[in-house]
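**Q** As a plain string of letters, each chain reads:
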Amino acid sequence: DAGVTQSPTHLIKTRGQHVTLRCSPISGHKSVSWYQQVLGQGPQFIFQYYEKEERGRGNFPDRFSARQFPNYSSELNVNALLLGDSALYLCASSRDTDTQYFGPGTRLTVL
Amino acid sequence: RKEVEQDPGPFNVPEGATVAFNCTYSNSASQSFFWYRQDCRKEPKLLMSVYSSGNEDGRFTAQLNRASQYISLLIRDSKLSDSATYLCVVSPLYNQGGKLIFGQGTELSVKP
Numbered sequence: 005d006a007g008v009t010q011s012p013t014h015l016i017k018t019r020g021q022h023v024t025l026r027c028s029p030i031s032g033h034k035s036v037s038w039y040q041q042v043l044g045q046g047p048q049f050i051f052q053y054y055e056k057e058e059r060g061r062g063n064f065p066d067r068f069s070a071r072q073f074p075n076y077s078s079e080l081n082v083n084a085l086l087l088g089d090s091a092l093y094l095c096a097s098s099r100d101t102d103t104q105y106f107g108p109g110t111r112l113t114v115l
Numbered sequence: 021r022k023e024v025e026q027d028p029g030p031f032n033v034p035e036g037a038t039v040a041f042n043c044t045y046s047n048s049a050s051q052s053f054f055w056y057r058q059d060c061r062k063e064p065k066l067l068m069s070v071y072s073s074g075n076e077d078g079r080f081t082a083q084l085n086r087a088s089q090y091i092s093l094l095i096r097d098s099k100l101s102d103s104a105t106y107l108c109v110v111s112p113l114y115n116q117g118g119k120l121i122f123g124q125g126t127e128l129s130v131k132p
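Top line first, the protein sequences correspond to chains A and B. My numbering applies: residue 5 is where the first sequence begins, and numbers increase by one. My numbering applies: residue 21 is where the second sequence begins, and numbers increase by one.
Chain A on its own, in the form it takes in the complex:
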């Protein structure tokens, strides 16, 4: 079975731009969570979606938004990029409340 997939793998943007990151969960998984991992730190929770509804939100500014589609794939959008948004963005999927499986991540560099 295919694991969690994310696209793109790498991305370079400049300050003020907007970015959209995509995630496809494992087949049969209805929950998708997003995490930001800054170099040298552990991942930090951004959002969780289950059955297209937002189930949880971390301490991130409104520039960060997300949605989940009927096929359970998800997008993370970040507006007005700042240098500090440079990070590895991880998507994790799960059936519901069980183990979360992480995708390979999207490495975002903001110049």
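Check each hint, because a few of them may be wrong.
As the list claims (entries may be wrong) - For lysine to aspartate or glutamate, the following EDC-like pairs were computed, each having C-alpha atoms within a straight-line distance of at most 20 Å:
# : chain 1 : residue 1 : chain 2 : residue 2
1 : A       : 34        : A       : 57
2 : B       : 62        : B       : 102
3 : B       : 65        : A       : 100
4 : B       : 99        : B       : 59
5 : B       : 65        : A       : 102
6 : A       : 56        : A       : 79
Stated by the list, open to error - Here are some of the chain A residues that sit facing chain B, going by a computed Cβ distance under 7 Å:
#  : residue
7  : 45
8  : 47
9  : 49
10 : 60
11 : 84
12 : 88
13 : 103
14 : 106
15 : 109
In case anyone wonders, no lab produced these hints; they're calculated from the structure. From the three backbone atoms N, C-alpha and C, an ideal C-beta is built for every residue, glycine too.
With chain A's structure known, arrange chain B on it following the hints.
**A** Relative to the frame of chain A, chain B by itself:
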């Protein structure tokens, strides 16, 4: 204070050594506890769940002390392939429902 705090690293040990990682968490209402492993520039992968009764998986032993809000991971007979960053993870809900709260990670380097 960070919600989950781990020993600062890196830990540099020879092959065959025993190494212990410690972690504390601040929210006494936390329900689920885990250790994840993350290889350089890769995604985190679940190593093991941690239970109050303690649990063992081969060379790995995890312990949880709810009263002290303390979690540990012991690796015996270290292998070169154990070199990675070990992340202590706490969840406010049973299993992993909702968000996972990660520590900053402790890097382990096992040398020949």
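**Q** Return the status of the interface hint for residue 60 of chain A: holds when the least beta-carbon distance to chain B is below 7 Å, violated otherwise.
**A** This hint holds: residue 60 of chain A lies near chain B, its Cβ roughly 5 Å from the closest one there, short of 7 Å.
**Q** Please verify that hint: residue 84 of chain A, Cβ, nearest Cβ of chain B, below 7 Å or not.
**A** 24 Å, violated
**Q** Does residue 57 of chain A lie within 20 Å of residue 34 of chain A when you go C-alpha to C-alpha?
**A** 10 Å, holds
**Q** Within 20 Å, alpha carbon to alpha carbon, are residue 56 of chain A and residue 79 of chain A?
**A** Measuring from Cα to Cα gives roughly 11 Å; hence the hint holds.
**Q** At a threshold of 7 Å, is the proposed contact between residue 47 of chain A and chain B supported by beta-carbon distances?
**A** 5 Å, holds
**Q** Are residue 62 of chain B and residue 102 of chain B close enough, with their CA atoms no more than 20 Å apart?
**A** Holds: residue 62 of chain B and residue 102 of chain B sit about 14 Å apart, inside 20 Å.
**Q** When you check the alpha-carbon spacing of residue 65 of chain B and residue 100 of chain A, does it fall within 20 Å?
**A** 18 Å, holds
**Q** Do the numbers back the hint for residue 103 of chain A, that is, is its least Cβ distance to chain B under 7 Å?
**A** 6 Å, holds
**Q** Does the nearest C-beta of chain B fall within a distance shorter than 7 Å of the C-beta of residue 49 of chain A?
**A** Interface hint status for residue 49 of chain A: holds (4 Å vs cutoff 7 Å).
**Q** Have a go at the residue 106 of chain A hint: is there a Cβ in chain B nearer than 7 Å to its own Cβ?
**A** Cβ of residue 106 of chain A sits 4 Å from chain B, so the hint holds.
**Q** Do the numbers back the hint for residue 45 of chain A, that is, is its least Cβ distance to chain B under 7 Å?
**A** Interface hint status for residue 45 of chain A: holds (5 Å vs cutoff 7 Å).
**Q** Residue 99 of chain B and residue 59 of chain B were given as a pair; does the straight-line alpha-carbon distance stay at or below 20 Å?
**A** It holds: about 14 Å lies between the C-alpha atoms, which stays within 20 Å.
Violation of the numbered hints given earlier is confined to hints 11 and 12; the remaining hints are satisfied by the structure.
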